[in-house]
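Chemist: Protein chains in written order, with the working numbering: chain W, 2 to 253; chain V, 5 to 228.
Because the hints were derived from the structure by calculation, they are not lab data.
Predicted, not measured: the structure shown is a model, and the values here were computed from it.
Heads up, the beta-carbon is just placed ideally off N, CA and C, and yes, glycines get one too.
Keep in mind that a hint or two might mislead.
Stated by the list, open to error - Cβ-Cβ distance ranges computed for the label pairs, FRET-style:
# : chain 1 : residue 1 : chain 2 : residue 2 : range
1 : W       : Asn136    : V       : Ser130    : 25 to 31 Å
2 : V       : Thr33     : W       : Glu186    : 47 to 53 Å
3 : W       : Glu127    : V       : Ser130    : 28 to 34 Å
4 : W       : Glu133    : V       : Lys117    : 25 to 31 Å
5 : W       : Asn209    : V       : Leu131    : 31 to 37 Å
6 : V       : Arg210    : W       : Ser41     : 42 to 48 Å
7 : V       : Arg217    : W       : Ser41     : 36 to 42 Å
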Amino acid sequence: MSTPLLKVLDIHKRYGSEEVLRGVSFDVERGETKVFIGPSGTGKSTLLRCVNQLTPPDKGQVFLEGAEVTHHKADINRLRASMGFVFQDFNLFAHLTAMQNVGIGPMTVNGMHKQRAQARALAELERVGLGEKSNAYPAQLSGGQQQRVSIARALAMDPKLILFDEPTSALDPELIGEVLEVMIELAREGMTMLCVTHEMGFARSVANEIIFMEHGVIVEQGPPQQMFTNAKHPRTGEFLRKISELYGETNQ
Amino acid sequence: MTFLFKWEWLPKLASGLLVTVEVTATCVTIGFVLGILLALARVYGRKPLSIPANIFIQFFRGTPLLVQLLLVYYGLPQLGITISAVLSAILALGLNTAAYQAEYFRGAIQSVKKGQMLAARSLGMSLPQSIRYVILPQALRLVIPAWSNELILMLKGSSIVYIVTILDIMGESKRIANKYFNYLDVYVVAALFYLALVLIVSLLLRELERRVRIPGLGLSIERR
Numbered sequence: 002m003s004t005p006l007l008k009v010l011d012i013h014k015r016y017g018s019e020e021v022l023r024g025v026s027f028d029v030e031r032g033e034t035k036v037f038i039g040p041s042g043t044g045k046s047t048l049l050r051c052v053n054q055l056t057p058p059d060k061g062q063v064f065l066e067g068a069e070v071t072h073h074k075a076d077i078n079r080l081r082a083s084m085g086f087v088f089q090d091f092n093l094f095a096h097l098t099a100m101q102n103v104g105i106g107p108m109t110v111n112g113m114h115k116q117r118a119q120a121r122a123l124a125e126l127e128r129v130g131l132g133e134k135s136n137a138y139p140a141q142l143s144g145g146q147q148q149r150v151s152i153a154r155a156l157a158m159d160p161k162l163i164l165f166d167e168p169t170s171a172l173d174p175e176l177i178g179e180v181l182e183v184m185i186e187l188a189r190e191g192m193t194m195l196c197v198t199h200e201m202g203f204a205r206s207v208a209n210e211i212i213f214m215e216h217g218v219i220v221e222q223g224p225p226q227q228m229f230t231n232a233k234h235p236r237t238g239e240f241l242r243k244i245s246e247l248y249g250e251t252n253q
Numbered sequence: 005m006t007f008l009f010k011w012e013w014l015p016k017l018a019s020g021l022l023v024t025v026e027v028t029a030t031c032v033t034i035g036f037v038l039g040i041l042l043a044l045a046r047v048y049g050r051k052p053l054s055i056p057a058n059i060f061i062q063f064f065r066g067t068p069l070l071v072q073l074l075l076v077y078y079g080l081p082q083l084g085i086t087i088s089a090v091l092s093a094i095l096a097l098g099l100n101t102a103a104y105q106a107e108y109f110r111g112a113i114q115s116v117k118k119g120q121m122l123a124a125r126s127l128g129m130s131l132p133q134s135i136r137y138v139i140l141p142q143a144l145r146l147v148i149p150a151w152s153n154e155l156i157l158m159l160k161g162s163s164i165v166y167i168v169t170i171l172d173i174m175g176e177s178k179r180i181a182n183k184y185f186n187y188l189d190v191y192v193v194a195a196l197f198y199l200a201l202v203l204i205v206s207l208l209l210r211e212l213e214r215r216v217r218i219p220g221l222g223l224s225i226e227r228r
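Let the hints inform the model, and build the full structure from the sequences given.
Modeler: So, in structure tokens, the structure goes:
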């Protein structure tokens, strides 16, 4: 058996008296898309941040291709560079154009030459359908466009996987589709993705597995078909029904 | 009574003007570099860095500039360290403005949105890289209005260096005033010199602020 791309082992995280994560473990294989769902405050976003150590867990281990990310001697900057992160509120660099936003990672972190980084940035922007916006600043772009730039920014680092933290939650309903389209395309191209999202249409069409979390633990996990039609845990079925009503089945 | 300005004062005042500009420019530059380092130490430094930075800032903001200047010029020689008047002035004023600038920079750094640092780190940038490529470029834009104030204060505040025998605008005017027993006219002209300097600097900084504005950000209510 080969090592999984990502191995997450018994992650615990506490904020003050509140234990946000209480022992979460899962494996991610190459090319897999996992969707994390669950009520707000169950630690889904914290879990994603524990994976790339933006939030160091109190206990537990994360391995990327067998290398321990959580080890205190790990070259965390190098490891983070190979894990893209897409934020709910985009967090594009406000003082840089779309092209500079995408090119700055390869230039500063990978030492790529400016011209090559620009060419790469432009290619990634075209990939998310924003080639003509390369000279626009974030404040001149719509939310959906900003989120697509931030996906391009992650892609430009040639990541081994991308972590999506509620990528469409801050968007106007009519802008959600353009971001999901890009994500679906990525999943189909074989990008490994971990997504915290309530977009069940997306989950149904590309997720290999849905992970339902509540109170800091994984309650149930399985392929979308099984989770939607044949959930073992009553809470899972209840939650999925509610969320499907609420968010509808946007985008197929 | 008549205004008795004499054209022969002009060369002296002009050389004073040059000294004022030189002293201010040097001090503000020292203060800029040191101020950024102090602000970074306070915001990102661990205790061994942030506590000394804080003590430095509190000392130089909490004691009068005049006392600091006299301490350097007259006090240090008693410890066997004798430095020239100009160097004393630059040291005292430079360290003083560094403390003030540090606080302006700190405010600006802290008002850059939290997510900017998260995004930089998540790309794999180190902390120094994130500061250099993401935080400072934004903080330096935000700081311009407050920083303009400090520059203007320094232009005028530098007039106290005449106390340690430096012939800046103030030093030259005092000499002329004493020589001609004419205080009103000379000091009015000196005041106008300072005013002109301040106006020029304000205009330049406003232009700078306009040029580095981030397109699309900070939209204001349009005038009708």
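Chemist: Mind checking the hinted window 25 to 31 Å against the Cβ distance between asparagine 136/W and serine 130/V?
Modeler: holds (28 Å)
Chemist: Taking 47 to 53 Å as the stated bounds, is the beta-carbon spacing between threonine 33/V and glutamate 186/W within them?
Modeler: For glutamate 186/W against threonine 33/V, whose Cβ atoms are near 51 Å apart, the range 47 to 53 Å holds.
Chemist: Could you tell me whether the CB distance from asparagine 209/W to leucine 131/V stays inside 31 to 37 Å?
Modeler: Holds, at about 36 Å.
Chemist: Starting from the hint 25 to 31 Å, judge whether the C-beta atoms of glutamate 133/W and lysine 117/V obey it.
Modeler: For glutamate 133/W and lysine 117/V the Cβ distance comes to about 27 Å; the hint holds.
Chemist: Could you say whether the range 28 to 34 Å given as a hint is met by the Cβ separation of glutamate 127/W and serine 130/V?
Modeler: holds (30 Å)
Chemist: Quick check on a hinted range of 42 to 48 Å for arginine 210/V and serine 41/W, using CB atoms only.
Modeler: Holds - the Cβ-Cβ distance for arginine 210/V and serine 41/W, about 46 Å, lies within 42 to 48 Å.
Chemist: Given the hint of 36 to 42 Å, is the C-beta distance from arginine 217/V to serine 41/W inside that range or not?
Modeler: holds (37 Å)
In summary, the structure agrees with every hint in the numbered list given earlier.
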